[in-house]
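*Asks:* What follows is each chain in one-letter form.
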Amino acid sequence: MTSIYLVDDHELFLSGVRAELSERFDVAGWSTDVDAAVDGIRKSRPDVVLIDVHMPGGGGLSVVGNIHETNPDVRFLALSVSDAPEDVIAMIRAGARGYVTKSIDPEALADAIERIAAGDAVFSPKLAGFVLDAFSDTVPIEADPELDQLTPREREVLRQIARGYAYKQVATRLSISVKTVETHVSAVLRKLQLSNRHELARWASERRIV
Amino acid sequence: MSTTAESNRDDTPDRLQILRGRLTRSNDDRIIAGLAAGIGLRLGIPIVFARAAFVALTLAGGFGIICYLVGWLTTPDEREYGSMIETDHPPSTAQKFGLALIFYALLVALQALGLWFGAIVWPAILVIFGAALIWDRAGVESRRRLARLARPSDNGTRRSKTQIFFGAALMVVGIVVVLASLETIQSLGPAAIAVLLTAAGFMLLFGPWIWGLVEELTDERRARIRSEERADMAAHLHDSVLQTLAMIQRSDDPQRMTTLARAQERDLRAWLFDPAGDKTGTVGDGIAAAAGKVEASFDIPVEVVVVGDRPIDDAADTLVAAAAEAMANAAEHSGARAISVYVECTEDAVDAWVTDQGSGFDLDTVSDDRKGISESILARMTRAGGEANIDSTPGEGSEVHLRSGPR
Chain A
25 MTSIYLVDDH ELFLSGVRAE LSERFDVAGW STDVDAAVDG IRKSRPDVVL
75 IDVHMPGGGG LSVVGNIHET NPDVRFLALS VSDAPEDVIA MIRAGARGYV
125 TKSIDPEALA DAIERIAAGD AVFSPKLAGF VLDAFSDTVP IEADPELDQL
175 TPREREVLRQ IARGYAYKQV ATRLSISVKT VETHVSAVLR KLQLSNRHEL
225 ARWASERRIV
Chain B
223 MSTTAESNRD DTPDRLQILR GRLTRSNDDR IIAGLAAGIG LRLGIPIVFA
273 RAAFVALTLA GGFGIICYLV GWLTTPDERE YGSMIETDHP PSTAQKFGLA
323 LIFYALLVAL QALGLWFGAI VWPAILVIFG AALIWDRAGV ESRRRLARLA
373 RPSDNGTRRS KTQIFFGAAL MVVGIVVVLA SLETIQSLGP AAIAVLLTAA
423 GFMLLFGPWI WGLVEELTDE RRARIRSEER ADMAAHLHDS VLQTLAMIQR
473 SDDPQRMTTL ARAQERDLRA WLFDPAGDKT GTVGDGIAAA AGKVEASFDI
523 PVEVVVVGDR PIDDAADTLV AAAAEAMANA AEHSGARAIS VYVECTEDAV
573 DAWVTDQGSG FDLDTVSDDR KGISESILAR MTRAGGEANI DSTPGEGSEV
623 HLRSGPR
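Chains as they are written, first to last, in our numbering: chain A, 25 to 234; chain B, 223 to 629.
Simulated restraints, written as ranges between beta carbons of each label pair:
1) A:S199 x B:H460: 48 to 58 Å
2) A:A190 x B:G557: 10 to 20 Å
3) A:H92 x B:D570: 37 to 47 Å
4) B:R444 x A:S46: 48 to 58 Å
5) A:D63 x B:A571: 49 to 59 Å
6) B:E442 x A:H92: 54 to 64 Å
7) B:E597 x A:L171: 46 to 56 Å
In the SDA-like style, the derived pairs of lysine to any residue whose C-alpha atoms are separated by at most 20 Å in a straight line are:
8) A:K150 x B:R484
9) A:K150 x A:A108
10) A:K150 x A:P130
11) A:K150 x A:D129
12) A:K150 x B:G506
13) A:K126 x B:G514
14) A:K150 x B:R491
15) A:K150 x A:L133
16) A:K192 x A:K203
17) A:K150 x B:G530
Hints in this document: simulated from the structure, not taken from any laboratory. As the structure is a prediction and not an experimental result, all values here were calculated from the model. Beta carbons: idealized from backbone N, C-alpha and C, even for Gly.
Pulled out of the complex, with its shape left as it was, chain A reads as follows (with noise of 0.2 Å):
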């Protein structure tokens, strides 16, 4: 069973969370600041982590970079009531493989563990636009084709993402396997962990990040 790891300073969230995953995962453990959850994380070695954005004392961002200095086979889900385009990707920068908003219904959000758990990425379809946004046509001078811009195919992909379709839809829909689409969507997630596209640039700098 998969091991995952909560961590939110919204008690009664964390609680509703904890109550409908606690059928489908192990719950190793939960936190409600940022230092404890360092330090659980680090004793109880989930395979998982769902982490808030927004916490005091340096929120999730703080808890993503100390962990994957020690701990880089663990892995994070964003979860947050934020929409803003600067913490989704700060957090995916510092890290995480996947973003999805609070509002997500439990099935979705049990299904994102599963893939995130599998080393896939998950991409909610706030992110997909978020990824498209920043990847936009006008490609900087000095630019890597290899990180700063997005292929034909995986723009198609975001686009059915974001155009509300599971990934086994984007599949059928693009007549692609699953694995196909999951493939596209990890390169995605690398691209914008690495690119030094200067949207991200600029998003980071603001979030002091890089």
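With chain A held as given, fit chain B onto it using these hints.
*Replies:* Frame of chain A; chain B shown alone:
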């Protein structure tokens, strides 16, 4: 006046003793170099009198200026020597009287020496000290007390009243003498003089008080604006958030609760992050507003994603209206749990997809009386030079693709 012994240095009693004897220029309370303030603190008399003395001496052939310059050069700044300690023993009335006599004698001596600007000096000095007396009562610290003048029953006002009366009398005498010696004003006639006198006396007497009132009014206004803002926020929260919470508590239907919560969240976000209420600026704003309406009317979440948002124009306006219709259609007929709207703005076109994963339908079997699709979506887009495609499979959901701009 309280005795203050505030100093940043660790003053030993010895050092305090030395400082107490030494005259320094005040740094905190200065107009030119702080010399008058230093003298005032040193002698234990109100600083305003020290200042008045310098002005009075200046009328004596400019002697005051020379005194001031010499004092400036020979007295250290308190910043170099640490702040001077105010004298522990304020002078008694007799001592004050003595100081006044010495000062008077000095003036008489200067007049005898010929250091004098003429007949106007004595009345001018009367005016200056009269004003000083009043100012002493009406200084910044005692403005509050002055404001209390309006309530005669208050304790402690009698003394200042006497003082103010005395000061005013001095001034009136001085002013009358000054004016009497000025022939130009005399020629204006006694009525004009009386008016001038009254106005000047009124300003001098009540100026500080009026100023205090004005300041108090400003403070009150500021406080009122703050409390109005708070009331505004409370009213908004009451109308929106509290109402919604109450509705959620009374609702048994989870779907309804979710929709209420989402609509409230959207509303609160808009209110918090866009206080100007400007929600019609861009294509994304238009779509978000339309989605909000559909959410509110049909109890169904609408997820909106906008890429490359740009200012709205007529063509995009049509597209937003058509998208709104498509959303309403999906909400009403599809039975889906959610609707997705994806908008992509490029240089010369705007694309929108309204997607639901509900029951879907066969476009050919839609009866003609359902004008929504044919009129509001297809015809509307075509008229505006755009296009609309509807793709629906029974049992799998529908997608409406709208495109405005060049094909």
